[in-house]
Amino acid sequence: MAVRFEHQWNEGKGRIRRISTSLDSRVQSADVAESMVMEFCARVAGELICEQVGLAVRESVANAIVHGNRLDLTKKVQLTAELNDTGLIVCIRDEGDGFDPDSLPDPLLPDQLLNESGRGLFIVKSCMDDVIMRRSESRGMEITLIKRITAAPLKRTRW
Amino acid sequence: MASSRQVDGVTVLDLSGRIVLGEGCEVLQEALADFVRQRRTKILLNLAAVSYVDSSGLGTIVSGYTYLRDRQGHLKLLNLPKKVRDLLQIAKLLTLFEVFDDENTAVQSFR
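Read top to bottom, the protein sequences are chains A and B. FYI, the numbering used here numbers position 147 of the first sequence as 147, with every residue one higher than the one before it. FYI, the numbering used here numbers position 51 of the second sequence as 210, with every residue one higher than the one before it.
Hints were generated in silico from the structure; no laboratory data involved. A few of these clues could be false.
Taking lysine to any residue pairs in the SDA-like style, the calculated list, with each CA pair at most 25 Å apart, reads [said to hold, decoys possible]:
#1 241(B) - 35(A)
#2 235(B) - 109(A)
#3 241(B) - 122(A)
#4 235(B) - 89(A)
#5 241(B) - 267(B)
#6 242(B) - 98(A)
#7 251(B) - 121(A)
#8 241(B) - 121(A)
#9 251(B) - 50(A)
#10 125(A) - 240(B)
Estimated spans, in silico, between C-beta atoms of each pair [to be verified]:
#11 167(B) - 99(A): 45 to 51 Å
#12 196(B) - 130(A): 44 to 50 Å
#13 134(A) - 181(B): 40 to 46 Å
#14 103(A) - 270(B): 41 to 47 Å
#15 258(B) - 130(A): 29 to 35 Å
#16 195(B) - 118(A): 49 to 55 Å
#17 18(A) - 207(B): 36 to 42 Å
#18 108(A) - 192(B): 27 to 33 Å
#19 207(B) - 47(A): 16 to 22 Å
#20 207(B) - 110(A): 25 to 31 Å
#21 270(B) - 26(A): 43 to 49 Å
For the chain B half of the interface with chain A, some residues (derived, Cβ under 7 Å), not all of them [claimed, not checked]:
#22 180
#23 208
#24 213
#25 214
#26 218
#27 221
#28 222
#29 225
#30 250
#31 251
#32 253
Where a beta carbon is used, it is the ideal one built from N, C-alpha and C, also for glycine.
Bound conformation, chain A alone (with noise of 0.2 Å):
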């Protein structure tokens, strides 16, 4: 699998660094993104936040692979990360047939509690500050995950 990593100068806004991946339709390409984004994220952050986002990326990444591609092994899964001034944004793009989002429960619902499924995307928004959820103008879902990482500059890299 290969991983693109790209670095550039954004006059007036400072480094922007972004990697992005092809992945899979399989459970294991969930492993892959965590741990993926996670490295990137401790460029700029701590444990704690690298950890959220890690789960966030986790459940998104197996949420467009099992619901999305529904384990199609001729279907990817798209993911970029992007560190700006703001934080980190990750985007995650299947080739599903995409879904409403308000159709979904909510989990915590006395009703739904019990249930064995429908707890992904509940906990992705508890991770992350701001999630957006839309239909690629391709194909399939995309969904935009933002951590706000304000307070620690960017660390030196050697990349």
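With chain A's structure known, arrange chain B on it following the hints.
Relative to the frame of chain A, chain B by itself:
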């Protein structure tokens, strides 16, 4: 990883590592299914060495709870690490389970 032991008629399942989508959840599901087949329905999950749980892991634990409850069994939790406790808390599942910090007290609670 999972290994089980019997303590005063209670099956204590010592779990370690990550209970997440894929292998971690499968290990737990298979262990619980084995216990039910062996008519062992007093189950105490010791999560002391569990480093991480995701929504699939939570779902597997909830599923085990309802599966045992429907068969007149019980599933209780022991030694929740902070991360796991926090996740159960935000998912409003902490009040669903009986949770213990002491194994002896947990085992006695099944009587």
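The hints, checked one at a time:
With a CA separation close to 21 Å, the supplied pair residue 241(B) and residue 35(A) stays within the 25 Å bound. Using a Cα cut-off of 25 Å, the hinted pair residue 235(B) and residue 109(A) holds, with the two alpha carbons roughly 22 Å apart. In summary, the hint linking residue 241(B) to residue 122(A) is supported, as the alpha carbons are separated by about 19 Å, within the 25 Å threshold. Between the alpha carbons of residue 235(B) and residue 89(A) the distance comes to roughly 39 Å, so the proposed pair goes past 25 Å and is violated.
Simply put, residue 241(B) and residue 267(B) have alpha-carbon atoms about 24 Å apart, close enough for the 25 Å limit, and the pair holds. Of the pairs offered as hints, the one joining residue 242(B) and residue 98(A) is violated, with about 31 Å between alpha carbons and a cut-off of 25 Å exceeded. Proposed proximity of residue 251(B) and residue 121(A) is supported: the alpha carbons are some 15 Å apart, at most 25 Å. Simply put, residue 241(B) and residue 121(A) have alpha-carbon atoms about 21 Å apart, close enough for the 25 Å limit, and the pair holds.
Of the pairs offered as hints, the one joining residue 251(B) and residue 50(A) holds, with about 23 Å between alpha carbons and a cut-off of 25 Å not exceeded. Restraint check for residue 125(A) and residue 240(B): the C-alpha separation of about 22 Å stays at or below 25 Å, so the hint holds. A hinted range of 45 to 51 Å holds for the C-beta pair residue 167(B) and residue 99(A), which are about 48 Å apart. A beta carbon spacing of about 46 Å between residue 196(B) and residue 130(A) agrees with the range 44 to 50 Å that was offered as a hint.
At roughly 28 Å, the beta carbons of residue 134(A) and residue 181(B) sit outside the given window of 40 to 46 Å. At roughly 46 Å, the beta-carbon separation of residue 103(A) and residue 270(B) lies within the given 41 to 47 Å, and the hint holds. Take residue 258(B) and residue 130(A): their Cβ atoms lie about 32 Å apart, and the range 29 to 35 Å holds. In this structure the supplied range 49 to 55 Å is violated for residue 195(B) paired with residue 118(A), their Cβ-Cβ distance being about 24 Å.
About 39 Å separates the C-beta atoms of residue 18(A) and residue 207(B), a value consistent with the hinted range of 36 to 42 Å. For residue 108(A) and residue 192(B), the Cβ-Cβ distance of about 28 Å falls inside the hinted range of 27 to 33 Å, so the restraint holds. In this structure, residue 207(B) and residue 47(A) meet the distance hint of 16 to 22 Å, their C-beta atoms being roughly 20 Å apart. At roughly 30 Å, the beta carbons of residue 207(B) and residue 110(A) sit within the given window of 25 to 31 Å.
Between residue 270(B) and residue 26(A) the CB atoms are about 45 Å apart, so this pair conforms to the stated range of 43 to 49 Å. Interface restraint check for residue 180(B): the shortest CB-CB distance to chain A comes to about 5 Å, inside 7 Å, so the restraint holds. Interface restraint check for residue 208(B): the shortest CB-CB distance to chain A comes to about 18 Å, outside 7 Å, so the restraint is violated. Hint status for residue 213(B) relative to chain A: holds, with the closest Cβ pair at about 6 Å, below 7 Å.
Among the interface hints, the one on residue 214(B) holds; its C-beta lies about 4 Å from the nearest C-beta in chain A, closer than the 7 Å criterion. Residue-level restraint check for residue 218(B) holds (minimum Cβ-Cβ distance to chain A is 4 Å; threshold 7 Å). Residue-level restraint check for residue 221(B) holds (minimum Cβ-Cβ distance to chain A is 6 Å; threshold 7 Å). Given the 7 Å rule on beta carbons, the hint for residue 222(B) holds: about 4 Å separates it from the nearest Cβ of chain A.
The restraint placing residue 225(B) at the interface with chain A holds, with a minimum CB-CB distance near 5 Å, inside the 7 Å limit. A distance limit of 7 Å between C-beta atoms decides the matter here; for residue 250(B) the minimum to chain A is near 6 Å, and the interface restraint holds. The criterion of a C-beta within 7 Å of any C-beta in chain A is met by residue 251(B), whose closest approach is roughly 5 Å, and the hint holds. Annotation: interface hint on residue 253(B) violated; nearest CB of chain A at approximately 11 Å, more than 7 Å.
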